[in-house]
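Chemist: Spelled out, the chains give:
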Amino acid sequence: MNIQDRFEVHEHDVLVIGAGGAGLRAAIEASSQGAKVALICKSLLGKAHTVMAEGGVAAALANVDKDDDWKTHFKDTMFGGKYVNNYRMAELHAKEAPERVLELEKWGAVFDRTKEGKIIQRAFGGHKYKRLSHVGDRTGLEMIRTLQDKGVHMGIDVFMECTITKLLKDGDKIAGAFGYWRENGKFVVFKGKAVVLATGGIGKMYKVTSNSWEYTADGQILAYHAGAELLDTEFVQFHPTGMVWPPGVIGILVTEAVRGEGGLLTNNKGERFMEKYDPERMELSTRDVVARAIYTENKEGRGTPHGGAFLDISHRGADYVKKKLPSMYHQFKELADVDITKEPMEVGPTGHYTMGGVRVNADTAMTCVPGLYAAGEVAAGLHGANRLGGNSLSDLLVFGRRAGLYASEYAKKNSGSVNINENDILTAEKEMISYFENASGENPYSVHIDLQELMQNNVGIFRIEEDLLKAIDGLQKLTTRAKKVKIEGSRMYNPGWHMAYDLGNMMIYAEAIARCALQRKESRGAHTRLDFPNPKLEDAKWNSIVKKGGNGEMIVDRVKSIDMPSDMKKILEETEKEKMSKYTNALSGGVTV
Amino acid sequence: MEQAKFKVHRGEGSQGQDVDYTVPIEEGMVVLDAMHYIQKTASPDLAVRWNCKAAKCGSCSAEVNGKPRLMCKTRLDDFNLSEPITVRPMKSFPVIKDLACDVKWNYEVNKKIKPFTPKDDTDWIMYQRDVDRVQEFRKCIECFACQNVCHVLRDHNLKPKFAGPRFFVRVAGLEMHPLDGENRLEELRNDMGIGFCNITKCCTEVCPEDIHITDNAIIPMKERVVDKYYDPLKMLLRSLFGKK
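As given, the protein sequences belong to chains A and B, one line each in that order. Using the working numbering, the first residue of the first sequence is number 255, and each one after it goes up by one. Using the working numbering, the first residue of the second sequence is number 1142, and each one after it goes up by one.
Check the hints yourself; a few may be wrong.
[To be verified] Only some residues are given here: those of chain B computed to face chain A with a beta carbon under 8 Å: (1) H1150; (2) E1168; (3) D1186; (4) P1259; (5) I1266.
It is worth saying that the hints were derived from the structure and are not from the lab. Only a predicted model underlies this, so the values are computations on that prediction, with no experimental measurement involved. Glycine included, each C-beta is placed from N, C-alpha and C at the ideal position.
Please put together the full structure from these sequences, using the hints given.
Modeler: This is the structure in structure tokens:
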């Protein structure tokens, strides 16, 4: 068989899968290094999750607080991640973020300004200094549009509304990708010497989430099937402030910038309850702490009418609120009939981000599969057990660039044509078509609704062994049901068919979350075990790891965290004693964290 | 439970018809919620684009009762529910299937716009008052509602001679950037056909981001084009010295 006769085939040096901030930044870098680049995305260009990022991008520019520097950003990131971060990623991120932000300005981004005419920065949870460069509360839109407009002039081939369902290999090495056009359901083969995964997160497996339909663990599971390892999957961030009313908007994000600009959280007794949970940082504590606090207030009967907390910014005055938080103003006014310049919002935790993901080399962003790279939310390591707000936009710039750089270098070194295995392509095709074979069966969306219910109830903010086992058992049943769904209609733009495929990815990653959550018998960052409520010194020394076994089974293990050199340890030890709290015992005693 | 009736356009390509659906109502429900309800119950193959569901991405544009709207911020309680609500795809673009239409042309137009090019030796100092007006244009979420209602595109189909309001906004954002050193007036006049716009302001009315497209972007750009190409003194100088 000649592949070209049966399929549309494209050939590039570097394939970038996903066109949010990380994918765009990777494609720009690879292209500027001379590589022929394909940028493949599930949505239209410019609609990826980055567009929804609101509050800002964290970088120690020191434009507002002169004492800020990369070392402080590094310390804040490590403390926020409860010391299970990959220290080297945190170091590179803190060092390179300022340059990446300034570069955006040179490409046309227009950030809000200080009085001196420099990029302004605002306060955010867990950041010691005012560090988040922003454009009101639409920072992500500014970034994705800047990157998009930069990218389209570089000769990058953009393939929109195309879903990749399988990575293709040549022996051990990566060789390309197989997918379908959403528009007409036809299949397409991309040959490539290097592949950068930049597919984002996993949030659509939760019932209450700020994430869009795209966040179905695609990249994580493409990598898993291709032989890469997953890391730290137990750490899922629940953003403390999502909308809780009315029903149709539950989960939609309320930016942390509301608190950054001085927003106050109160319970139904009018108490600023954060005093009990983090008296020093109050509303600007880290997201894991604030999310647990709101959840606990509700559980103990001090919640708001719709099961959240009050968040009030009206004291800053209508003009200021409309200028600095314009989309929050409109969002509440139009969707909830609440005027946030006059009355408080009602907010509660919403599934938001996964700190876990594909395990990569800190410097090169390469996985253990030669030629396969990952950057942005799909990759793991930088954020440890909990991500600080603003660190994801800087993450995707820093590591998107690195992934693009090293992927293009790899492609240069491996010149010559790649061989793809025809049987792999035919298997991938068969798998996608097989969904149409069931003459009867349930709607794939029913399985999705039950998956969201299962994960929300059993693998949410507070976890306990019994629930986690229930989830693992429930996932097995759902996997069986997912194989029997019935697809209506043709392959033309068919969301039911797309969902049937997405379910498979979500369920494997869901299992990885539950199994790693079971393995980590302590509470750390975003992972809270009711049966093991405290962090343990010895558990700061390892990370969870997940890979696919020879018989297709899921192998869950732990790996020793990478050693931190003494100069980096010293930076952490300089941190104020009280801030270090219970997590830092690991540092004294010369223990590697 | 209270219910709403919908007539939703279904069909592939230019073929299609309205299909009736009944959807139970929840408080605060928007049209996009109703489309998702239809997918989850009656028609999982209903094609509809969406991403953020919070009016930030501009994916879910459609014509609701004949008006271009973002489905994610169009609330059902704004309608008289004794009548069915019609939901159809944007008229100015070819339909792929159901509510999804082919908007690729817009991306081709965008590619041709000269990118931001900083002035030589800039110190990167910009004051807020100087960037306010550029930031208004950069709020655009590319929902293409303005492209959809613009009669030059909708009724006269002047693609590709006319770029449409979205791209006049984009060019205005570049031309008014305090540190941009490029000039795009010739393209505005020739390739983008800004002269075809006769400022009916339909685009401004439908913009979900409240960008004053006509007053703040198109009119100033038209003025700059006129100043450059139709200034009588400059025209005289050009005829004397043969300068462009």
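Chemist: Hints the structure violates: just list their numbers, smallest first.
Modeler: Violated hint (a single one): 1; every other hint is consistent with the structure.
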